[in-house]
Amino acid sequence: MINFGYNINKSSRIDLDKDLNIAKKIVKIEPSFRTCIGCGCCTSTCSANNFTVFNLRKIQLQINRGELQSIRKEVEKCMLCGKCQMICPRGINTRNIILAIFKVID
Amino acid sequence: MIVDGKRKIWKDYQKEIPDDHYFYVRSCIRQNFFPASEVMFLKIMRDELACDIYENEYHTTCSGIGYHCDVVPMETTMTVIARQFALMTEAGYKNYAASCITSFGLYSEVIETWRHFPDLLKKIRKNLKEATGREFEIPEYLSHASDIIYKVRHDIAAKGKYRLINRFTGRPLKVVEHVGCHYSKMFPHKGIGGAEYPYVLAGMIEAWGGEVVDYPERRHCCGFGFRQYFIKANRGYSIANTHKKFESMEPFKPDMIITNCPGCPYFLDRWQYAIAEMEGKTYGEDGHGIPVFTYEEVASIVLGYNPWDMGLQVHQVAVEPLLNKIGISYNPEEKYKGFNNEDMGHPEKPVNLKTY
Ligand code: SF4
Ligand code: SF4
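These protein sequence lines map, in sequence, to chains A and B.
Note that the working numbering has the first sequence beginning at 27, numbered continuously upward.
Note that the working numbering has the second sequence beginning at 83, numbered continuously upward.
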């Protein structure tokens, strides 16, 4: 392979039929996913977020937008401690959301 | 493609294209990339259709590349363009025909700006007079050369020796049309069919027997984007655009691509080589690329001109698969022979992209 001194930049294209389906599949497994208001309480209390740039609020936003490139790698940082679930003002089952992401993303 | 819906849109975007008497201006770069396209245009218009097309050897660049790369200021560009208009006025013409899409877009932009800012027009008239002693009229009709070929597409089909039909299957060839961004994305009413679904090339494809491929990234830029390409550090953006288009058209298995811009056929053609050599990916059949043509080249193919006389041997992606599908007779021995039968030399073969 030749190196011309530049690469082909990755596309940020979203396939509306495929990529947005992930959010729908997660809602099927954990309907409370739909009620998230993006307040970020989960992220501010998250132990994993203390040590890494892990951000559960961002993950749910990206899934709803169909931006899936980094999701798999990100959710692996979660320790499933459940602190976020205790603080979430919407009572969202955040741990189940993490598990649901693992189920549907691959 | 839902053709009925498109026809409705196309009806709203019609433009008047004069029948005859054009002042023709060439592109700065097309003669290097696709050397015979402009010659073939003049030949078709003059010899086949007996039109009056005048060329003046003193015309220059429109400065569009410099303008879009942010190195030439607008007023300088306007004065350069005013000089081209002066040459047209002096030659007694009113119908201006541009070979280049970027020039066409820039002429449209400049004329429209003068309409809104008459004082600026006055200033440009003064600039030109002081610099060159010339005076100019604004063209009555501004056409892109593809508008003109569009207008005579049925005459070309009637005179044609070949149609865009696969002789092995009897089915129309699947043709991707790529219209240059500057054709109608800035001024939809200045192009045939508007900005979303320009009809200018689709009309030619239909008239010559092919079938238009409607794929998701059809209206996406070819990747040239001027400063995206000219600055090497930005080239990843340029090739990413082209890559996106090819990924999107690949499932439709197009037989060929037609374009109407100087940059588009260049990037759609040459980037296929770069993608193949960088990532090993090819988009045509059996390791070949998808052949890319200018509309003049396709018109010349339909009319039965010798492929090597219209410069098809300088394309990066081999055109032979397409010529074979249409059933065009050509002599492979003559591919790299110049006018005097001299050997022009053979290009080096790419590793991953198959050529003939
Ligand atoms: S705390 Fe609950 S509502 Fe707030 S962002 Fe996290 S999951 Fe969404
Ligand atoms: S369960 Fe995961 S996301 Fe929630 S606080 Fe614990 S580590 Fe963070």
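Don't take each hint at face value.
[Claimed, not checked] Capping the alpha-carbon separation at 25 Å, the derived lysine to any residue pairs in SDA-like fashion look like this: (1) B:Lys335 with B:Met360; (2) A:Lys44 with B:Lys431; (3) B:Lys326 with A:Ile28; (4) B:Lys363 with A:Lys50; (5) A:Lys44 with B:Glu329; (6) A:Lys36 with B:Lys256; (7) B:Lys431 with A:Lys50; (8) B:Lys326 with A:Asn119; (9) B:Lys326 with A:Phe30; (10) B:Lys256 with B:Lys326; (11) A:Lys84 with A:Phe30; (12) A:Lys36 with B:Ile313.
[Said to hold, decoys possible] Facing chain B, according to a computed beta carbon distance under 10 Å, are these residues of chain A, among others: (13) Asn29; (14) Gly31; (15) Asn33; (16) Lys36; (17) Asp45; (18) Ile113; (19) Cys114.
It should be emphasised that the hints constitute simulated quantities derived from the structure, not laboratory data.
Glycine included, every Cβ here is placed at the ideal spot set by N, Cα and C.
These are the hints, each one checked on the structure:
{"no.": "1", "hint": "B:Lys335 with B:Met360", "in the structure": "holds, 22 Å"}
{"no.": "2", "hint": "A:Lys44 with B:Lys431", "in the structure": "violated, 39 Å"}
{"no.": "3", "hint": "B:Lys326 with A:Ile28", "in the structure": "holds, 20 Å"}
{"no.": "4", "hint": "B:Lys363 with A:Lys50", "in the structure": "violated, 33 Å"}
{"no.": "5", "hint": "A:Lys44 with B:Glu329", "in the structure": "holds, 16 Å"}
{"no.": "6", "hint": "A:Lys36 with B:Lys256", "in the structure": "violated, 28 Å"}
{"no.": "7", "hint": "B:Lys431 with A:Lys50", "in the structure": "violated, 49 Å"}
{"no.": "8", "hint": "B:Lys326 with A:Asn119", "in the structure": "violated, 38 Å"}
{"no.": "9", "hint": "B:Lys326 with A:Phe30", "in the structure": "holds, 19 Å"}
{"no.": "10", "hint": "B:Lys256 with B:Lys326", "in the structure": "holds, 19 Å"}
{"no.": "11", "hint": "A:Lys84 with A:Phe30", "in the structure": "violated, 36 Å"}
{"no.": "12", "hint": "A:Lys36 with B:Ile313", "in the structure": "holds, 18 Å"}
{"no.": "13", "hint": "Asn29", "in the structure": "holds, 8 Å"}
{"no.": "14", "hint": "Gly31", "in the structure": "holds, 6 Å"}
{"no.": "15", "hint": "Asn33", "in the structure": "holds, 5 Å"}
{"no.": "16", "hint": "Lys36", "in the structure": "holds, 7 Å"}
{"no.": "17", "hint": "Asp45", "in the structure": "violated, 13 Å"}
{"no.": "18", "hint": "Ile113", "in the structure": "violated, 41 Å"}
{"no.": "19", "hint": "Cys114", "in the structure": "violated, 38 Å"}
The structure fails hints 2, 4, 6, 7, 8, 11, 17, 18 and 19 (numbered hints given earlier, in ascending order).
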